[in-house]
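Protein chains in written order, with the working numbering: chain G, 1 to 894; chain V, 1 to 98.
If you are wondering where the hints come from, they were derived from the structure by calculation, not from laboratory data. Treat the hints with caution; some may be incorrect.
Some but not every residue of chain G turned toward chain V, in silico, with C-beta under 7 angstroms [what the hints assert, rightly or not]:
(1) Glu19
(2) Ser22
(3) Ala25
(4) His26
(5) Asp29
(6) Arg46
(7) Gly50
(8) Val55
(9) Leu82
(10) Leu84
(11) Phe88
Pairwise CB distance ranges (calculated) [unchecked claim]:
(12) V:Gly54 x G:Glu34: 16 to 26 angstroms
(13) V:Gly54 x G:Arg80: 38 to 48 angstroms
(14) G:Gln73 x V:Pro69: 32 to 42 angstroms
All of these numbers come straight from a predicted model, not from anything done at the bench. Using N, Cα and C, we set each Cβ at its ideal position, and we do this for glycine too.
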Amino acid sequence: MSWRRFWQRRRCDEDLAQEIESYLAHEADLRSAEGLAAEEAVWAARRKLGNKTAVKERVWEMNSLGFIESVWQDVRYAARMLRLNPGFFAVATISLALGIGANTAIFQLLDAVRLRMLPVRDPQQLVELKIAENEHCCNGSFSGRRPNFTFAQWERIRDQQQAFSSLFAWGDTQFNLTPSGEAHLAEGLWVTGEYFKTLGVTPLLGRLIESGDDTPACSAPGVVISYPFWQGHFGGAAGVLEKSVLLNGQRFPVMGVTPASFYGVEVGRSFDVMLPVCAERLIEGDNSATKRREAWWLAVMGRLRPGWTIERAMAHIKTISPAVFEDTAPPMYRAELAQYYRNYKLTALPAGSGISQLRKEYDTPLILLLGIAGLVLLIACANLANLTLARASVREREIAVRLAIGAGRGRLIRQLLSESLLLTAVGTALGIALAELLCRYMVKFLNVSLQLTPDWRLLGFTAALAILTCLLFGLTPALRATRTAPADAMKTGGRGLTASREGFSLRRVLVVGQVALSLVLLAAALLFVGSLRNLSALDAGLRREGLMIMGVDISRLNFTSEQRAATYRTLLENVRATPGVESAANTHIVPLSGDGWNDNFEIPGRPLPGHALAWFSSVSAGYFHALGTQLMAGRDFAEHETTASAEVAIVNEEFCRKFLNGANPLGLPIHLISGPGEPDHQFQIVGLVKNTKYLSLREETKPIVFVAESQRKDTPQGINVLVRSHLAAGALTLGLKGAVKKTNPEMSISFLPFRKQVEDSLLKDRLMATLSSFFGFLAAALAVVGLYGVISYMVARRRGEIGIRMALGATRRGVTWLILKEAGWLLAAGLAVGTIMAISSGRAAEGLLFGLKPNDPWTITSAVLLLAGVALIASLIPALRAARTEPMTALREE
Amino acid sequence: MLILRTVLLAPAHGHTIAHAIEQTSDEVLLVEHGSLYPALHRLEDRGLIASFWGTSENNRRAKYYRITPAGKKHLTNERNRWDELVSAVARVLGPAVE
Chain G
1 MSWRRFWQRR RCDEDLAQEI ESYLAHEADL RSAEGLAAEE AVWAARRKLG NKTAVKERVW
61 EMNSLGFIES VWQDVRYAAR MLRLNPGFFA VATISLALGI GANTAIFQLL DAVRLRMLPV
121 RDPQQLVELK IAENEHCCNG SFSGRRPNFT FAQWERIRDQ QQAFSSLFAW GDTQFNLTPS
181 GEAHLAEGLW VTGEYFKTLG VTPLLGRLIE SGDDTPACSA PGVVISYPFW QGHFGGAAGV
241 LEKSVLLNGQ RFPVMGVTPA SFYGVEVGRS FDVMLPVCAE RLIEGDNSAT KRREAWWLAV
301 MGRLRPGWTI ERAMAHIKTI SPAVFEDTAP PMYRAELAQY YRNYKLTALP AGSGISQLRK
361 EYDTPLILLL GIAGLVLLIA CANLANLTLA RASVREREIA VRLAIGAGRG RLIRQLLSES
421 LLLTAVGTAL GIALAELLCR YMVKFLNVSL QLTPDWRLLG FTAALAILTC LLFGLTPALR
481 ATRTAPADAM KTGGRGLTAS REGFSLRRVL VVGQVALSLV LLAAALLFVG SLRNLSALDA
541 GLRREGLMIM GVDISRLNFT SEQRAATYRT LLENVRATPG VESAANTHIV PLSGDGWNDN
601 FEIPGRPLPG HALAWFSSVS AGYFHALGTQ LMAGRDFAEH ETTASAEVAI VNEEFCRKFL
661 NGANPLGLPI HLISGPGEPD HQFQIVGLVK NTKYLSLREE TKPIVFVAES QRKDTPQGIN
721 VLVRSHLAAG ALTLGLKGAV KKTNPEMSIS FLPFRKQVED SLLKDRLMAT LSSFFGFLAA
781 ALAVVGLYGV ISYMVARRRG EIGIRMALGA TRRGVTWLIL KEAGWLLAAG LAVGTIMAIS
841 SGRAAEGLLF GLKPNDPWTI TSAVLLLAGV ALIASLIPAL RAARTEPMTA LREE
Chain V
1 MLILRTVLLA PAHGHTIAHA IEQTSDEVLL VEHGSLYPAL HRLEDRGLIA SFWGTSENNR
61 RAKYYRITPA GKKHLTNERN RWDELVSAVA RVLGPAVE
């Protein structure tokens, strides 16, 4: 072989053709000179030369790169074969893509949420500090996503510890970027001076927060912005370091930009802006959590000293615990609580892969989804096996013919192989695309920011599995076919009256498996959909539609408590006067938002079991009317109730049931148990309302005490106005903005439809319902296609037999039944196995379901019926085709 | 070797070579003339012969092959080896036994 020939192949080929023609001409000349007729001479010349094509081919072989050349040929041939069978090709690649894509996508998410290390220096040395869990931890006011420590505790830990070469604390918050009007929020972090030094993160631009920036004096705090914020808010401008950012009404110069890969230490969250912790006092003023010992708002992370193990660090921080908790107890703690507080112990957890709220919440769903995706892959492989088996057995005859006319066995096997490989390659490529799409969809769905990178190991694994399936099932029959004498294969391939059972029984087992697995997935899908429906249709004790939440923040106006109360009152009046508003009310805690306030109480004169704990909410008059909650007895709060009049409360039915054995609550007193220095509260119950859900839809109904907002001595810096209206959201918010402007244009506000809030709280349920139905129905479709394939194949194979039966007097209906019975048996076996599997595997989903048992008989029955119905229709098609067989045609073919 | 010997004296085209071999060997060798061409191309690839297009004795276009210096050397070597082999075989077989 020579490269010259390979590259100039066309010319060489032409050369050779001319050369041969030249030979023929010369030889013919010679022959005619010997006296042969012109035509005779040409034929004689040809005979002399021998097989012209063979000569060309032998020379041509020298022109080619042997192996590569023939592989390319194989691939082209395989592509042509696949193009000729678009149905097979589509089903095979789609099922492969689905299996590979789903697994890769979900594993990517799981990896991002659970396994991957933070993109910082030596993440395995990072450790998070916490207070060891105990039933008395912790009391006070909590803010942020990780309220593990108070500022006083952080200072003690920082000064006492020796286990860490450096450590830092951080807290999260949201900053308002607009000076007034509708709030535009940025995700913010308070970080201590060692934050970046500990993590080992270097700036992309400018400099990052250092120890010198976080001093008690906090003379010139600057803001560090994230890469996305730089791109989004500043358009990636190079001169960003001369700019400043307005945060809650105060300007901070931009100090630096973090690298694009850095998102903080909390997986699933990102930040926009970062300020040194000392600036918290500047922004929050009197409300500053830094000063308050009962304010829990910081999380702490450290880098282990070289040579220290986490166990050693844990032992060390346990010994410094007394020093940390000795004199940092919040002042309002009662003696008993303070004693518990002093006994708190510090502990440490590895934090190399970051920390995440998502982890706790989405662990089970993601693992469950991975399981589902695994089943989809299994079904896809079974489908693939089935299809390739069917094709291989159909092609047994073709292979026999090729062998008979002299094809090499190795070359034939290689060709079948390239077909399988081509199929898997296309399937895998589609799978990668699907994984990308699915991942993006899920991240968007969950509204988290995750850095996803495709996991090539998993992709390789799933693709390898697919290739193996393809090879195993595509090649086994091919090998068998090439091993038998071509004559035998040709004989049985075309002439046998009954199909050989070999290979076919394997296909039956595969179909039974497919049906069983897809039943499991279908049942799971129906369970999750049912659970979501239960949650959505649940009577939460209030009308969800047409309710708008307007969040109001006036902390920047520096009003006194009285001024704030007056502002809220005026605002509510203005809102109520807005056209289109049917009713409106103020509340501090919006139901189902996850915010809550609970307290211990007693009812003088009535013994209550242990610590009586109830949930509280302070609301304005008209709250129940606006929410659509029914007042069962007594009265609503009145507008005239003020701080001067006796404090009143309204309780819900659950409160009566739990604490009063269902007795009439009206007129009874509720005494709040408060700490030293806190004002004493005694409420008189004046009303009884129907039960409502408080924190979330899933909760057990809670005992709730509503108190009058107008009677609170210390009015908070913000409030929520609940507005009921028929207007569309856009028109309503426009009107409400007018009402706000009229009250005080400096207020910062935000809008959220109540419906949206409820939907957001059901995110996990919606995710499970959507994805599991997607997978469930696709799995069922694959199984049905598999069943259809097996039955059609059987019909095709038994054509001769059916012809004879019909010739001997079998009716069309009889033949249809014959085929349907076959399908019915396969289906019944699959459904039986599937039901057992569904029931036994259901427990995995138990925690995620609402109002449904995992082995809910109705759900499983409907899944069985659904699958059986579709599958029977699918097998009816080949059955009817069998019944239409013309006996004479079928027999003549023999 | 036969081809090289044939084109040693003067360049020749495929048809001439085939007939030359056939005739000089008293039609013992070469059954199909077609099998000559792959051999010609192989030799050309190995640089033992070179080719050019020319016009034949009866005015037809034909591809001529001529021997290269490498080809001459190769032929001499092969010739020597062949002679050695033949004489060795002849020695082993001894005089013909009738």
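For each hint, the structure was consulted:
The beta carbon of G:Glu19 is positioned within 7 angstroms of a beta carbon in chain V (closest approach about 5 angstroms), and the interface hint is therefore held. Because the closest C-beta pair between G:Ser22 and chain V is about 5 angstroms apart, less than 7 angstroms, the hint holds. Contact between G:Ala25 and chain V, as hinted, is supported at the beta carbon level, the nearest pair being about 5 angstroms apart and thus within 7 angstroms. At a threshold of 7 angstroms, the smallest CB-CB gap from G:His26 to chain V is about 4 angstroms, leaving the interface hint in force.
Checking G:Asp29 against chain V: minimum C-beta separation of about 5 angstroms stays under 7 angstroms; hint holds. Checking G:Arg46 against chain V by beta carbon gives a least distance of about 9 angstroms; that is not within 7 angstroms, so the hint is violated. Taking 7 angstroms as the C-beta contact cut-off toward chain V, the hint placing G:Gly50 at the interface holds, the least distance being around 3 angstroms. At a threshold of 7 angstroms, the smallest CB-CB gap from G:Val55 to chain V is about 4 angstroms, leaving the interface hint in force.
For the restraint placing G:Leu82 at the interface with chain V, the shortest Cβ-Cβ distance is roughly 35 angstroms, beyond the 7 angstroms limit, so the hint is violated. At about 35 angstroms, the closest approach between the beta carbon of G:Leu84 and any beta carbon in chain V exceeds 7 angstroms, and the interface hint on this residue is violated. The interface hint given for G:Phe88 is broken, as the beta carbon of that residue sits about 41 angstroms from the closest beta carbon of chain V, more than 7 angstroms. Between V:Gly54 and G:Glu34 the CB atoms are about 25 angstroms apart, so this pair conforms to the stated range of 16 to 26 angstroms.
Taken as a hint, the range 38 to 48 angstroms holds for the pair V:Gly54 and G:Arg80, whose Cβ atoms sit roughly 43 angstroms apart. Checking the proposed 32 to 42 angstroms range against G:Gln73 and V:Pro69 shows it holds: the Cβ atoms sit about 39 angstroms from each other.
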